[in-house]
Amino acid sequence: MASKESNERETLEALEIPPDLFYNLRLGTGGWPDAFHRLEEIKTCQRALKEVRTLVVSIYIYRGSEADLQTKLLEPSQPPEQLLTLFGDILESMTNLETLKWNVPKEDTRFFEESFKLRKLYLPSVEHLEPGPSSQYLVEMCPNLVELQNGGGLSWNRGYMPDNRNWGLMLVQAAATVPKLKRFAMEGGHDGWTPELIFEVVKSMPQLESLGLLGSLGPYPVYAMSMGDSGRLKDALDMLSGLANLSHLDLPPSAYLDLGFDGGPGCGNAYDGKEGQLYLREVIKEGAEATELGGNIIVATLPHLTSFTIGGESPCVDGGIGNLTWPWTGRMDEWLEAEVPIDDSTEY
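By my numbering, the letter at position 289 of the sequence shown is numbered 1589, and the numbering carries on one by one without gaps.
Calculated from the structure, these hints are not laboratory results.
Bear in mind the structure is a predicted one, so any value in this text is a computation, not a measurement.
Even glycine gets a Cβ: it sits at the ideal position worked out from N, Cα and C.
Where hints are given, some of them may not hold.
[To be verified] Derived SDA-like pairs (lysine to any residue); straight-line CA-CA distance at most 25 Å: (1) K1480 x K1585; (2) K1585 x N1623; (3) K1350 x S1504.
[Claimed, not checked] Estimated spans, in silico, between C-beta atoms of each pair: (4) N1324 x R1419: 34 to 44 Å; (5) D1535 x L1418: 40 to 50 Å; (6) C1616 x N1396: 33 to 43 Å; (7) K1574 x G1612: 22 to 32 Å.
Generate coordinates for the entire structure from the input sequences, incorporating the hints supplied.
This is the structure:
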């Protein structure tokens, strides 16, 4: 009698299956039962286990009451033990897994932490990890990490755990256990990138070559009268000068660098009509000028960088890092017209 694996192989060979079909797998966005059933399916497919390169785990747990949904739809209070065991089995079987994106609710990820640590989960093939809030325990289980970035989406910036643990700080400190790490990127979180948090980055990851300080330097700005450059960016960069191997830096948009530009009105009808569009051009111009200011501060403070971005915008540095050319350099009016086209027939 043919083995199960043999029958599976014959069935797959009879089909025209793309060679990269199993390279990217996703679990979610349902709750515990859905995750368990998906894992059982994956376990029966040896090609999926051997060929997967990227695994995205995104589990959503409904935490309503019986008044919201019928009892049969309510989630268990915690993941069942068989799910935790199966998750560990599956991860250990994915011997070619390179990227793991782990988005399990911060209230529940501790169950996986306990289970994975008990079995001494070891994922040597993973080089890129994106853990959600309070899932920093995965870092030491991936000893060959090259890139580490926070996951969790918007939930990353939503405060702390009930016991006031700061998961951003915990992720930074966990990175000290992976000496091969070259790239680290993280949203500053609820309080932004405080001096204390930046200090921990330099202390925990002195070997970094690429760094992303995303989110905001300090608390997110409030639309108000400009107070000018606070010096916060210069102070942060001075601290980063301790990273001798750093060659690339990603920073948030200029509105979040405390340079005197707050981003302009973020809601309402401030940009309605032709007059509003003209105003939008002014706001964008102020943002571009603040970006230029930020770029000049970066060059003056970290001249050894070979590249950097501010809000995803990267200047041309063909003439060297000290000779920056932005998309609007020498053509601001033309650039603004392209960014915010205005129809002359538009009413004021």
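Hints, one by one, checked against the model:
Of the supplied pair hints, the one linking K1480 and K1585 is violated, its CA atoms being roughly 41 Å apart against a limit of 25 Å. The straight-line distance between the Cα atoms of K1585 and N1623 is roughly 21 Å, inside the 25 Å bound, and the hint therefore holds. Restraint check for K1350 and S1504: not satisfied, since their Cα atoms lie roughly 33 Å apart, outside the 25 Å limit. About 26 Å separates the C-beta atoms of N1324 and R1419, a value inconsistent with the hinted range of 34 to 44 Å.
For D1535 and L1418, the hinted distance range of 40 to 50 Å is satisfied, since their beta carbons lie about 43 Å from each other. At about 38 Å, the CB distance of C1616 to N1396 agrees with the hint of 33 to 43 Å. Here the CB-CB span from K1574 to G1612 is close to 28 Å, well matched to the stated 22 to 32 Å.
In terms of the numbered hints stated before, the structure departs from hints 1, 3 and 4, listed from lowest to highest.
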